[in-house]
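Given the coordinates of chain Y, assemble chain B with the ligands onto it according to the supplied hints.
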Amino acid sequence: MPKRLLTLAVNGRRHEIAADGHALLVDVLRDALGLTGTKQGCDGGECGACTVLVDGAPRLACLTLAASVEGRAIETIEGLARSGRMSALQQAFHERLGTQCGFCTPGMIMAAEALLRRTPHPDEAEIREALAGNLCRCTGYVKIIESVRAAAEARP
Amino acid sequence: MGALPEFAFARPATLAEACALLAVEGARAVAGGTDLVPNLRRGIERPAQLVDLGGIAALDRIEERDGALALGAGVTLARLADDARIARVLPALAEAARSVAGPAHRSAATLGGNLCQDTRCVFYNQSEWWRRANGWCLKRDGDTCHVAPQGRRCHAAYSGDLAPVLLAAGAEAETATAAGTRRVPLADLYREDGAAHLTLAPGEIVARVFVPAPTPGRRSGYRKARARGAVDFPLAGVAVVLVVRDGAIAELGVGLTGTNSRPFRLAGTEGFVGQPVDDALLASLAKLIQKQVSPMRSTVTQSYYRRQVASVLAQRLVRELAAG
Ligand SMILES: Cc1cc2nc3c(=O)[nH]c(=O)nc-3n(C[C@H](O)[C@H](O)[C@H](O)COP(=O)(O)OP(=O)(O)OC[C@H]3O[C@@H](n4cnc5c(N)ncnc54)[C@H](O)[C@@H]3O)c2cc1C
Ligand code: SF4
Ligand code: FES
Ligand code: FES
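From first to last, the protein sequence lines stand for chains Y and B. Going by my numbering, the first residue of the first sequence is number 1, and it counts up by one from there. Going by my numbering, the first residue of the second sequence is number 1, and it counts up by one from there.
Isolated chain Y (complex conformation) (with noise of 0.2 Å):
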């Protein structure tokens, strides 16, 4: 199957890659960008790993055809540090033990952080919705939802 150009917004930086038609959005970011804070933990849509955000909305990169987001803002995890420092969200679930094993933080993390952008101020439920599709075997959730409650507070 020949390959098609495909060009790629991800975190501010336009990226050409040659890469298959039935290429998964996924796969371009880990393989071809290098972008492994993305994850892959199930076999299609289930538990929210690989949650980046299209044009702000939270998307699943393991269910998305990468050739259907030409031209849309794709951001990562990669993408919310500046100059080496953690964004706010980040901090929070670092200081508050959000994270354990690590591999659902940066789904969790993306999905909050589209939740944030959009309700800067969320109550519990808005929480517990919008990381409703993000599953973790290892917090137990509520430090999860403590870490977004803290960075929320934190703001203006």
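No wet-lab data here; the hints were simulated from the structure. Virtual Cβ for every residue (Gly too), placed ideally from N, Cα, C. Hints should not be assumed to be uniformly reliable.
Stated by the list, open to error - Residues from chain Y shown here face chain B by an in silico Cβ test under 10 Å; the list is partial:
(1) R4
(2) L5
(3) A23
(4) G44
(5) E46
(6) P58
(7) R59
(8) L65
(9) V69
(10) E70
(11) A73
(12) A81
(13) A111
As the list claims (entries may be wrong) - To be clear about the criterion: a stretch of chain B counts as covered by chain Y if any three or more of its residues have a C-beta under 8 Å from a C-beta of chain Y, and this derived list gives those stretches:
(14) 44 to 55
(15) 142 to 153
(16) 177 to 187
Leaving out everything else, chain B with the ligands in the frame of chain Y:
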């Protein structure tokens, strides 16, 4: 589960181009991909060409005139859940959209993909090696149904959340092919066969859904039973539209999903017009539902439970809506 099988990919900008591409054998529409891509990854579907409908602006519109809705098939569930016109005219549709999967699915998943999603079964939604170990099954690649081995048809359950609401509200679908468009009652899109539950011709797609304007005072709601509170298909889902006037039912529509191989509008609800919503009526409603649903052992949850819960959800919802 490995990478995707090979296929060609096209992203047309107009409905006409999409229809022309889909007229070629082996072509398949994809919208949000949240239903199709897992099936591609599992080797269940092997299209030669995918036609992405996501670039067609004409499919991405919500229009409302005097309460009547025209909904583009490409509108996402996230948008349906948040749209003020839908919240006003048919709140059950927003409720149903909000109950589908999780937020990251809903920002990709579309109305058309939800209506046309594949039917589901514990013996089917599995990896290729799992299904091979079981000799596959009647629905794809095999010759026996593990749910009803004596039978000759697939009983996989249709499990979309939006269809029951639209059926209860009397919606119609506009479909499109390279030859043109046609408009049919939404119910005609489906048949009671888990291996071929859609009546669409090859290459035919749903372009828009029309919902007629409501009778004044109409209320609507959607309830689904599921094993966990999020990211879960309905074991049974019930939509109700109800108009109560002077203490008696003036209009009642009930749509069901999760219990059969197609979503359907409950037959016989006209018989309740003129009656008050009381225990006797709710008992008759439950009986009517029990007679028309036919859940099979296609889920881990017992089919007996799905039958019961369908009628209980409907009773509760009718009571709640009648109370206002
Ligand atoms: C973990 C998980 C949980 C889920 N939970 C639910 C749930 O609770 N409730 C629920 O209803 N669904 C659920 N789904 C299924 C799916 O997310 C939804 O049905 C979604 O609305 C499908 O829309 P889509 O645009 O992503 O469809 P796609 O995957 O793009 O397409 C689905 C099918 O419809 C066809 N199609 C797409 N658009 C059209 C069109 N316009 N005309 C004709 N055919 C078309 C495609 O060819 C394909 O066969 C879940 C999925 C996952 C992975
Ligand atoms: S109902 Fe039978 S034929 Fe249909 S998917 Fe399940 S096992 Fe296969
Ligand atoms: S890897 Fe995408 S949802 Fe699990
Ligand atoms: S921290 Fe281990 S899966 Fe969430």
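Which of the listed hints are not met by the structure?
Violated hints: 2, 11, 12, 15 and 16; rest satisfied.
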